[in-house]
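Going down the list, the sequences are from chains A and B. Numbers given in the working numbering equal positions in the first sequence, counted from 1, plus 544. Numbers given in the working numbering equal positions in the second sequence, counted from 1, plus 544.
In short, the hints are calculated from the structure, not lab data. Be aware that one or more of the hints could be misleading.
Unchecked claim - Partial list, computed: chain B residues near chain A (C-beta under 10 Å):
| id | residue |
| --- | --- |
| 1 | ARG555 |
| 2 | HIS604 |
| 3 | VAL608 |
| 4 | SER612 |
| 5 | GLN633 |
| 6 | LEU636 |
| 7 | GLU654 |
| 8 | ALA662 |
| 9 | LEU671 |
| 10 | PRO680 |
Just so you know, these numbers come straight off a predicted model, no measurement behind them. Heads up, the beta-carbon is just placed ideally off N, CA and C, and yes, glycines get one too.
Read off the chains here:
2 protein chains.
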Amino acid sequence: MLSQTTEYALRVMVYLASRSGEPATIAQIAAATQTPEGYLAKVLRNLALAELVRSQRGLHGGSVLARSAKSISVLDVVQAVDPIQRITQCPLGIKSHAANLCPLHRRLDEAIGLVEKAFARSSIAELVPEQAGVEPFRDASVVSRRRKLKVLR
Amino acid sequence: MLSQTTEYALRVMVYLASRSGEPATIAQIAAATQTPEGYLAKVLRNLALAELVRSQRGLHGGSVLARSAKSISVLDVVQAVDPIQRITQCPLGIKSHAANLCPLHRRLDEAIGLVEKAFARSSIAELVPEQAGVEPFRDASVVSRRRKLKVLR
Numbered sequence: 545m546l547s548q549t550t551e552y553a554l555r556v557m558v559y560l561a562s563r564s565g566e567p568a569t570i571a572q573i574a575a576a577t578q579t580p581e582g583y584l585a586k587v588l589r590n591l592a593l594a595e596l597v598r599s600q601r602g603l604h605g606g607s608v609l610a611r612s613a614k615s616i617s618v619l620d621v622v623q624a625v626d627p628i629q630r631i632t633q634c635p636l637g638i639k640s641h642a643a644n645l646c647p648l649h650r651r652l653d654e655a656i657g658l659v660e661k662a663f664a665r666s667s668i669a670e671l672v673p674e675q676a677g678v679e680p681f682r683d684a685s686v687v688s689r690r691r692k693l694k695v696l697r
Numbered sequence: 545m546l547s548q549t550t551e552y553a554l555r556v557m558v559y560l561a562s563r564s565g566e567p568a569t570i571a572q573i574a575a576a577t578q579t580p581e582g583y584l585a586k587v588l589r590n591l592a593l594a595e596l597v598r599s600q601r602g603l604h605g606g607s608v609l610a611r612s613a614k615s616i617s618v619l620d621v622v623q624a625v626d627p628i629q630r631i632t633q634c635p636l637g638i639k640s641h642a643a644n645l646c647p648l649h650r651r652l653d654e655a656i657g658l659v660e661k662a663f664a665r666s667s668i669a670e671l672v673p674e675q676a677g678v679e680p681f682r683d684a685s686v687v688s689r690r691r692k693l694k695v696l697r
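Taking the hints into account, I'd like the entire structure generated from these sequences.
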């Protein structure tokens, strides 16, 4: 029901939100969100066009959220990469349904509207796991094992 | 958000419901629902497999609803042709998310659940236009013009 592009874009946004403003490189985002790099470049471009992400080249470059994760809704992200299509006109091109959808298309549009509303109500900030130091899309145990290895070194 | 297959299947069901038990041939259904015949055969097969439609060959053959349109929900139809996929396990295969989805996937699954519920509550009978003698997916004016022509002949 939701496209792979939508899924990737949301992972990217939640991951960037979890970094609290520290820029992330394409390679870091790809690894942390399990998104193919080629795909990711396109997703990041659309997120930047929608002014949700800011990317900077160079040595300390990378991508950050363009504004606070609290102020970005799931719907903002979805609309930036793969917009939800409401049924605003008759998909069959029936003239007498133009201003007034038939019951089927009215009902389908209502269902799409429910998703749109739910997404508008959810902020990216709400989707960042609360456990401190845990990356949103990595196994908690793996991360802590890595930390332990670092400490041992 | 909803697939073309879902859209076609729902049109077919609403059209059959509007015929109050009179069998419809593939050609009739294709014309009345603007569905390509090849596609339609596949959709009808899946609807028959789910026991929502009954088809009979022969001179007075055709397809009819297998039970009352009141007792068939939109969800029944969707599940027969292109099932809604709930997020029941972590799409990233993260072990620690297996039993307990991360906030992102929990929220996405909730949105999908809203659609599922809305579709379960809607019956096919509710989607048949109330105006008597009007085919659900045809221009009312065209139908009445055809009628007038018949009368003139």
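Each hint, compared with the structure:
The criterion of a C-beta within 10 Å of any C-beta in chain A is met by ARG555/B, whose closest approach is roughly 7 Å, and the hint holds. Against a cut-off of 10 Å between C-beta atoms, the interface hint on HIS604/B is violated, since the closest Cβ of chain A lies about 28 Å away. At a threshold of 10 Å, the smallest CB-CB gap from VAL608/B to chain A is about 19 Å, leaving the interface hint violated. Contact between SER612/B and chain A, as hinted, is not supported at the beta carbon level, the nearest pair being about 17 Å apart and thus beyond 10 Å.
For GLN633/B, the interface hint is violated, the least distance from its beta-carbon to any beta-carbon of chain A being 14 Å, above 10 Å. The beta carbon of LEU636/B comes within 5 Å of a beta carbon in chain A, closer than 10 Å, and the hint placing it at the interface holds. For GLU654/B, the suggested interface contact is upheld, since its CB lies about 7 Å from the closest CB of chain A, less than 10 Å. Because the closest C-beta pair between ALA662/B and chain A is about 5 Å apart, less than 10 Å, the hint holds.
Taken as an interface hint, LEU671/B checks out: its beta carbon lies about 4 Å from the nearest beta carbon of chain A, inside 10 Å. A distance limit of 10 Å between C-beta atoms decides the matter here; for PRO680/B the minimum to chain A is near 6 Å, and the interface restraint holds.
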